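Number of protein chains: 2
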Amino acid sequence: MVNTLPKVGFCGLGAMGGGMASHLAMVGFPIKGYDIYTPLVDKLVAAGGKAATSPADAAADVEFLILMVVNSSQANSVLFDPENGAARGLAENATILLCSTTAPKYLYQLRAQLDAVRPDVKILDCPVSGGSIRAANGTLSIFSAGPDKDLDNSKFVLEAMSGPLYRIPGGISMGSVAKMCHQHQAATNIIMASEAIGLAAVAGLNTKTVYEVTCKSKGRSWMFENRVPHMFANDWFTVHSAVSIILKDNTIVTTHAKEVGFPLVLASTAEQLYITGTHAGLTKDDDAGLVRLFLPKDKKDLTGELTESTTTIGKADITVETINDLLAGVHLASARECMAFSRHVGMDLTLLEDIINKGAGASTMFEIAVPQMVKSGSFSLKSVKEAAEVREKLEIAIRKAEKLHQPVPMAAAALQQIYYDLAS
Amino acid sequence: MVNTLPKVGFCGLGAMGGGMASHLAMVGFPIKGYDIYTPLVDKLVAAGGKAATSPADAAADVEFLILMVVNSSQANSVLFDPENGAARGLAENATILLCSTTAPKYLYQLRAQLDAVRPDVKILDCPVSGGSIRAANGTLSIFSAGPDKDLDNSKFVLEAMSGPLYRIPGGISMGSVAKMCHQHQAATNIIMASEAIGLAAVAGLNTKTVYEVTCKSKGRSWMFENRVPHMFANDWFTVHSAVSIILKDNTIVTTHAKEVGFPLVLASTAEQLYITGTHAGLTKDDDAGLVRLFLPKDKKDLTGELTESTTTIGKADITVETINDLLAGVHLASARECMAFSRHVGMDLTLLEDIINKGAGASTMFEIAVPQMVKSGSFSLKSVKEAAEVREKLEIAIRKAEKLHQPVPMAAAALQQIYYDLAS
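In order, the protein sequence lines correspond to chains A and B. When we follow my numbering, the leftmost residue of the first sequence carries the number 1, and every step to the right adds one. When we follow my numbering, the leftmost residue of the second sequence carries the number 1001, and every step to the right adds one.
The calculated DSBU-like cross-link candidates involving lysine-lysine, where the alpha carbons are at most 35 Å apart (straight line), are: (1) B:1258 x A:358; (2) B:1403 x A:315; (3) B:1297 x B:1248; (4) A:105 x B:1105; (5) B:1300 x A:382; (6) A:299 x B:1393; (7) B:1208 x B:1315; (8) B:1393 x A:393; (9) B:1393 x B:1403; (10) B:1375 x A:299; (11) B:1300 x A:385; (12) B:1216 x B:1248.
Keep in mind that the hints were calculated from the coordinates and are not lab data. Note that the coordinates shown come from a computational prediction; the quantities given were computed from them, not determined experimentally.
When you get a sec, could you build the whole thing from the sequences and use the hints?
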C-alpha cells in the first residue's frame, strides 16, 4: 500500500512539538523530525518517524514544514541559519506552518525575510493551545490564519493535530493575535490561582476543600482547575508548563499593548508577578510553583495543615466564599480588559469568546460577563449587572487579606481598575 | 580678541536643547545649531549662534557635537543619515556628547555603529535632568560617563551647561543608568501627584491648602511641589514636560528591568497610568494634566470649590493628613524599589542617593528611608523604622478612598508591595 499522506518535516520536538510530531507519525504521516537535543529525535523515531540531522535535512523534499520552537529567535535560526537553515532547502511551493507562539508582527517580518530568499514558500500562522497531553492526542486548539487557498491545502495536516481548528480571518498575524488575546486570560488566571490558594493557606483553610468548592463556584477558571492539583503534588520540577513560558506569552501581550498604546493593568500586574518568580529563581519550575510567592513564611509547600485543616472560618474570617470573591473579582476585571484590548487590536470578538470559553482561558466570570458586554456594545463593566456586587465582595475580601498583611496584588489592581472603569 | 573657546555643533533645539544651545552661545561658545523645525534655529541665531542647514553642516569642523534629540532613533538618524548624517563629516577626533535620554544599552550600539565608520570619534554619555528653565540657565544636572581622558577634555563644555556635574564611574552607558535610576523616582512621583490631588478633590478638600501643607509634610516630593501648581493653572497646553516624555523615560526603566529580570511593581503601575493617559488622548499635554484621570466625573479641572472649599474633613473623613499618608506610603515603597533596582544594575548607590536628593526625584520619604536601608545593607523596608507606621496609615488612606470608589492604583500597588517586602 502506498502512503498518500503528504511528507512533513518537523523542527522543535519539546513537550509540545514532540507530542504533535509523534501523533502525526502514528496516524501515518511520513515525517522527519529535528531537535537540537537528540534524545527527543529518538522518541519520534520510536513513534514511527524518521530522524533529521539538521533543520535543512528536516525540510528537504517535504510538502509541509512545521515549526514548534520556543520563540521567534529560534524560528529565525532554524529557517535562516547559513549552514543548516531550512529555508533554502525547502521544496518548491512548500508550506511552513509556524505553530510557535510569537508576536503577531513577527509573522510579517518572517514573510519579508522569506521573500528575500524563497518567495515561493508559503507561511501559515498556526499557534496552538491545550498543553502537552492534547498535543500528543492530536486534539489541540489551533488558531490558523493565512491565505484561504493555503489553509485549504494544509487542512489535512492541521486537522490531524487539532480538536477545535479555528480559521481566524485577516491573514497571517491574526492567528497570533487570537493566541495573544487568549493568553491574556491564561496569564491573569494562572497567577490568580496561586494568589487565591496562597490566601486560603495563610488563613488556615483546608486548601483541598477550597479547591473542590471553587471548581463548582463563581471563582472557577480552567487554569484554577488545572493548576491547583499541581500545587497539591508539591512537585515543582515535573514541569507541565514552565514559568518562563507564561512569562514569554504574557510579554507578547504587554509588548503589543504598549506598541498600540493600550493600557493593560491586570496583564502588567501578572507580568510583574512572573518576573518576581523569575527573580526568586523559579523560572524553570512549573508555573503552579508560583504559589510559593504567597505561602506563609514558614511553609514551602501545601502539605500538613494546609490540606488537612478542619477550619471553615479561617483567620480574619476568611472562608471559601472569600477566596471565591477574590477570584471572581479578578476574573471579571480581567475579562473586561481582555475584550477591550481584543477589540482594539481588531480581533473577531465572537470567535474569541468561543475560543476562550472552550480553551484554557475560560472562567465562570468570563462566561457570565462577556455576553452582557457584547450585547451592550460597550466593553465596560457598567454593562454587567453583577459588577457592583462583585466589586463589593472583592473589597471585603481584600480587606480581610489586609488584616493578615497577605499580598493580593492581582485583586488590589483589579479593584482599582473596576473603580476606574465604573467611574469613566 | 580671538575667541579661544572650542567650536560646538548642536542638533536638537527643542525645549531642552534650545535653551542649552542658546546658553552656550550667550557665554561665548562659537556654536552652530540644527533642528528640523527652522524657527528653533532662528531662536539660536537670535541668541548669537549660527544656523546649520543639516546635521552634517552642524558637525563640520567642530570639536564637540552635542545631541539633544528626543530618542535613540532620532540620534541614529542625525548621525547616520546617508544624505546629511553628522558622523561622516565630523572633524578628526571630535567628541559627541549624547545628552538625550536613551536606554543604557543604546550607548554600546552607538559605539559599535560609529566604530564601523568613524572609530576616531569619541562618545560621551551625558544625559541631563532639571527641565527647560535650568537648561536655559546652564544649571542642569548632568550625569556624565565615558573614558576619563575624554571627560577631562569635555569638562569645559559640560560645566558651561551644568550646575551639578556628576561623573558616573563605569564608562559609557552608566550615565544613562544614573538617569534611568533617577527617572524611576521621577516617574512614580509625577503620577502620584495626580493621584493624591485627585483624591483630595473628590473628597471635597481645598486642593490649594492640601498643596501648601503637603509641601511641608512627609508626603512632599520635588515632583509634587513642581507639578501641582501646573494643575492649578488648568492649562494643559503650556507644556512644561509632556506625558509622552515621562512615558518614554519610564519605558526605558521598565524595559531595562525586564531585560535583567527584575520586578518593578510601582514603575509598572505608573507606566500603565501613563498609557491610560495616552489612550485617553493626553499624550502631548503637560504631564500635570493627568490629574484629569482622577477628577470627579463632572470636573474637568481644579477650579471652583476644588480650590476654594473650606472643608477640612472631607468625604469619608479624608483630611490633608490622609493625602499625606497616601503620598508617603507610595514614596516609601517606591524609594525601596528604586534602590533595590539600582543596586541590581550596578549603580553607585552613594552617588545615586545624592543625585536623587538634589534632583527632581527627591522626596521626604526617600530622604528618611534610604540612609536606613543603606546602613543596614538590605534594600528591604524591614530596615526602615517608620515602615510599619507608614504601612498602617496607607491602609487607612486606601480604605477611605475605597469608600468613595475613587481609584488610587499607585497606593494600592504600593501597599501590596510593602506586604510582600515585609513578609519576605
